[in-house]
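Novice: Next come the chains, spelled out residue by residue.
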Amino acid sequence: MGLNNEYNLLVFNSTHHALAAEGILQKQGYKIMMVPVLAEITADCGMAIRVNTKDNPLEILRENKIEIAGYYQVIKDKLEKRIIRLKK
Amino acid sequence: MKELDVRGMICPKPVIETKKALEKSDKLLVLLDDQVAKDNVMKLAKKLNCQVTLLEDGNEYQLTIKKTDMVVEKQDESGGKVYFISTDTLGKGEEELGYALMKGFVSTLLEINPLPAKIIFINSGVKIPTLNQQAQEHLQQLVEQGVEVVSCGACLNYYGLTEKLEVGSITNMYEIVESLNTGEVVSL
Chain A
0 MGLNNEYNLL VFNSTHHALA AEGILQKQGY KIMMVPVLAE ITADCGMAIR
50 VNTKDNPLEI LRENKIEIAG YYQVIKDKLE KRIIRLKK
Chain B
0 MKELDVRGMI CPKPVIETKK ALEKSDKLLV LLDDQVAKDN VMKLAKKLNC
50 QVTLLEDGNE YQLTIKKTDM VVEKQDESGG KVYFISTDTL GKGEEELGYA
100 LMKGFVSTLL EINPLPAKII FINSGVKIPT LNQQAQEHLQ QLVEQGVEVV
150 SCGACLNYYG LTEKLEVGSI TNMYEIVESL NTGEVVSL
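Protein chains in written order, with numbering that gives the first Met the number 0: chain A, 0 to 87; chain B, 0 to 187.
Among the clues, some could well be false.
[To be verified] Calculated cross-link-like contacts (lysine-lysine; reagent style PhoX-like; alpha-carbon spacing at most 25 Å):
#, chain 1, residue 1, chain 2, residue 2
1, B, 1, B, 65
2, A, 75, B, 65
3, B, 26, B, 42
4, A, 80, B, 12
Because the hints were derived from the structure by calculation, they are not lab data.
Same shape as in the complex, but just chain A (with noise of 0.2 Å):
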């Protein structure tokens, strides 16, 4: 278990996104690791969510009306790391 090899990623606009996401997920019992973006997606130093494949936090995000950038699956497999873009 655990948001190593296979995740959801949830990237957004500005880390008060971040941030307010991160609670509102964690207060909904989601299970979440609070990264930072990574370097194939964006260069600069935004914060990003890890969720569980199984889960779909965009519903409840879209709720409270936060907005993110972009929700990417990540997949890695020893010397391969794939990260398909799945919304905008």
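Go by the hints and put chain B onto chain A.
Specialist: Coordinates of chain B only, in the frame set by chain A:
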């Protein structure tokens, strides 16, 4: 990083161009717009024992290819650094931000090469291996990968957190000073 744009090229040109470019550079960003070409370039990268990261956005693909002989060599140098962490938040400023940054920092320690040799928590830094749940998980993974994680005993005692320490071990000032004196230290 060197960039190679093979969009619009017909197979097997993307593979050939990537192979050529990799002869000249250790790290390469390849832009593609064709799924088959993307698969083939990934196959090539794997065959060459490279580390490859795919960023897929609709029909746009970006591959970051890194030669691993480079990565492995770096690891062989052994002797990761000693991280001396003396606050529970990263940097000066708003606490909320500093707390989030620290979580991100600890999670990223898992991805660096070489891994840290040792992480020392002192003063309010000891709140990280005791109260910061996300960081605790990552520290546990670091311990499992051979990183030494230690917390200052006097500090744990002062904050009433000794019982809460679940990752790493308790250390004293002698050991801490010894580590700082002999290792390559990064202070936070």
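Novice: Now tell me if each hint is right for this structure.
Specialist: Hint by hint, here is what the structure shows:
1. 1/B / 65/B: Holds. Residue 1/B to residue 65/B sits at ~11 Å (cutoff 25 Å).
2. 75/A / 65/B: holds, 15 Å
3. 26/B / 42/B: holds, 16 Å
4. 80/A / 12/B: Answer holds: residue 80/A to residue 12/B is near 23 Å, not above 25 Å.
Hint check: no violations occur; every hint is consistent with the structure.
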